[in-house]
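Note that the protein sequences, when read in sequence, are chains A and B. Position 196, counted from 1, in the first sequence is what our numbering calls 196; the numbers after and before it change by one each time, with no gaps. Position 213, counted from 1, in the second sequence is what our numbering calls 213; the numbers after and before it change by one each time, with no gaps.
Mixed in with the good hints, there may be bad ones.
For identical chains, the list gives no copy identity; a pair is met inside one copy or between any two copies.
[Claimed, not checked] Computed cross-link-like contacts, DSS-like style, restricted to lysine-lysine with a CA-CA straight-line distance of at most 30 Å:
id, residue 1, residue 2
1, 242, 190
2, 194, 150
3, 53, 160
4, 103, 53
5, 177, 160
Just so you know, these hints were derived from the structure itself, not from any lab.
2 protein chains.
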Amino acid sequence: MEQPNITGHTKLIGLLGHPVDHSMSPAMHTASYAHLGEDIVYLSFDVEPEGLKTAVDGMKVMGFVGANVTMPCKTFVGQYLDELTPAAELMGAVNTVAIRDGKAIGHNTDGAGFVKNLELNGVTIKGAHVTLIGCGGAGSAIMTQLALDKVAKIDVFNAKDQFWDATLDRVAKVAEKTGTPIELHDLADKDDMKACALASTIFINATPVGMAPNTDGCVATEDMLHEGLAVGDTVYNPRETKLIKMAKAKGLTACGGLGMLLQQAALGEEFWNGAKMDTKFIEENFYN
Amino acid sequence: MEQPNITGHTKLIGLLGHPVDHSMSPAMHTASYAHLGEDIVYLSFDVEPEGLKTAVDGMKVMGFVGANVTMPCKTFVGQYLDELTPAAELMGAVNTVAIRDGKAIGHNTDGAGFVKNLELNGVTIKGAHVTLIGCGGAGSAIMTQLALDKVAKIDVFNAKDQFWDATLDRVAKVAEKTGTPIELHDLADKDDMKACALASTIFINATPVGMAPNTDGCVATEDMLHEGLAVGDTVYNPRETKLIKMAKAKGLTACGGLGMLLQQAALGEEFWNGAKMDTKFIEENFYN
Numbered sequence: 001m002e003q004p005n006i007t008g009h010t011k012l013i014g015l016l017g018h019p020v021d022h023s024m025s026p027a028m029h030t031a032s033y034a035h036l037g038e039d040i041v042y043l044s045f046d047v048e049p050e051g052l053k054t055a056v057d058g059m060k061v062m063g064f065v066g067a068n069v070t071m072p073c074k075t076f077v078g079q080y081l082d083e084l085t086p087a088a089e090l091m092g093a094v095n096t097v098a099i100r101d102g103k104a105i106g107h108n109t110d111g112a113g114f115v116k117n118l119e120l121n122g123v124t125i126k127g128a129h130v131t132l133i134g135c136g137g138a139g140s141a142i143m144t145q146l147a148l149d150k151v152a153k154i155d156v157f158n159a160k161d162q163f164w165d166a167t168l169d170r171v172a173k174v175a176e177k178t179g180t181p182i183e184l185h186d187l188a189d190k191d192d193m194k195a196c197a198l199a200s201t202i203f204i205n206a207t208p209v210g211m212a213p214n215t216d217g218c219v220a221t222e223d224m225l226h227e228g229l230a231v232g233d234t235v236y237n238p239r240e241t242k243l244i245k246m247a248k249a250k251g252l253t254a255c256g257g258l259g260m261l262l263q264q265a266a267l268g269e270e271f272w273n274g275a276k277m278d279t280k281f282i283e284e285n286f287y288n
Numbered sequence: 001m002e003q004p005n006i007t008g009h010t011k012l013i014g015l016l017g018h019p020v021d022h023s024m025s026p027a028m029h030t031a032s033y034a035h036l037g038e039d040i041v042y043l044s045f046d047v048e049p050e051g052l053k054t055a056v057d058g059m060k061v062m063g064f065v066g067a068n069v070t071m072p073c074k075t076f077v078g079q080y081l082d083e084l085t086p087a088a089e090l091m092g093a094v095n096t097v098a099i100r101d102g103k104a105i106g107h108n109t110d111g112a113g114f115v116k117n118l119e120l121n122g123v124t125i126k127g128a129h130v131t132l133i134g135c136g137g138a139g140s141a142i143m144t145q146l147a148l149d150k151v152a153k154i155d156v157f158n159a160k161d162q163f164w165d166a167t168l169d170r171v172a173k174v175a176e177k178t179g180t181p182i183e184l185h186d187l188a189d190k191d192d193m194k195a196c197a198l199a200s201t202i203f204i205n206a207t208p209v210g211m212a213p214n215t216d217g218c219v220a221t222e223d224m225l226h227e228g229l230a231v232g233d234t235v236y237n238p239r240e241t242k243l244i245k246m247a248k249a250k251g252l253t254a255c256g257g258l259g260m261l262l263q264q265a266a267l268g269e270e271f272w273n274g275a276k277m278d279t280k281f282i283e284e285n286f287y288n
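Same shape as in the complex, but just chain A (with noise of 0.2 Å):
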């Protein structure tokens, strides 16, 4: 694989959070960025949400290209950038930052890559009725993104725990800042899960359920799974959970995790420098 050339040219991508060190983020940019010939690596940062301040600075002063976020400095680091993308400000979370001209802005790329993998597979998001599963991190970025690409209307479904009602609140907000109907649901109401998916167009799981090592577990039953529905997954271990494998079986358009993966951080990318990351390359040689 082709490997980066440093030299006292070469540009830097960092990735801040903790812990960081077990992520795959560095070696896949860092390989991406060889391949398409660009003078940039891109090294993890361990960084608290204390330091994120710091680091920040550091990062515009020192010329960084930019950098990604991950927990749990998410949902603190927007308070020390320049400038937020409507998808940031409305999800109160970064997972990517540009540096231009000296200011950092933020955006959030968590959503727009899983639906830019519904997109390439096919699907239509705009006017789609959509039944999402989960509202936590992945879910609400999801959630947030559908609403500002305009989807007729979203069901969501979460569980009734302490965090019911922020969720609610969340739901009302980027219902009430996107236009966009928004409703949410008792994870535990399979019925009311059932008709809202025969009702949807896509249908979509943003909990961890059927992740490794528990590939039994599936959010839907095969009942909810009806002609002309598009399945998304934000698992991708396995690569075809069984929730996918289902919907495989009987005929639907099945998007695995991975492809969110790979778009978010194709995505991030184009954000920071315009680049243009090649996913069979990336998929090839890191997700084999």
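Keeping the supplied structure of chain A fixed, place chain B upon it in accordance with the hints.
Just chain B, lined up with the frame of chain A:
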């Protein structure tokens, strides 16, 4: 040559200065660490003095291993560090920063690299009588290191320009703090220089005289190069300056500037993380 294999574990050393994109240090130190199997890369960052505090604070919170500092930042960065080594303190300039337990420690290897190279070539430093031509950045660092290393006497020659009084002050300060007799002489007085050279055991050129394209230049005349004198030059382009050639022709020990450069880099790696740079490998791959 070995290439870095960047992952989430890879650590970073930076070069701060302006301009820095022409520097060979990123390629050289990155290759050196890859050759040693150390998971560290080295990148340059274009930073001017007014951005130094922010850059240093950023490097600390982001967990950099350390940095080199080059023009025009060397004399400014010390005030933003947590500690200085005696060499950096006395020189009033920092070219190397190590970050240990979140603290930034400033050091200066400019003089130590030159002296180490002399020692590796069998030159005795302690008790030596030194004639040093030039007291700019490099000359001043060498003067200070020689004084710290307890030479018997240093005769320093410098142009009687607008910096003469400042140089007098610097010489007096180093002499006082180290207890080493140091005398400042007028560079234009060649008789004086000859008298000093003849009384010396080491003769050093720390001016750019002899550097390409003006390779005919030489600060010394042949009659200064007496038997038993060791000769050192800070110029490394060409590898053998006229001064070094003259000294070798007379059978004297003669140390060109490349050795200083390599030892200075090796001392940096040792200061950062205790690494033992393979100077032969670097010389063969970068300076052939």
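Hints, verified against the model:
{"no.": "1", "hint": "242 to 190", "in the structure": "within (18 Å within a copy, 89 Å between copies)"}
{"no.": "2", "hint": "194 to 150", "in the structure": "within (23 Å within a copy, 86 Å between copies)"}
{"no.": "3", "hint": "53 to 160", "in the structure": "neither (35 Å within a copy, 48 Å between copies)"}
{"no.": "4", "hint": "103 to 53", "in the structure": "both (13 Å within a copy, 18 Å between copies)"}
{"no.": "5", "hint": "177 to 160", "in the structure": "within (24 Å within a copy, 72 Å between copies)"}
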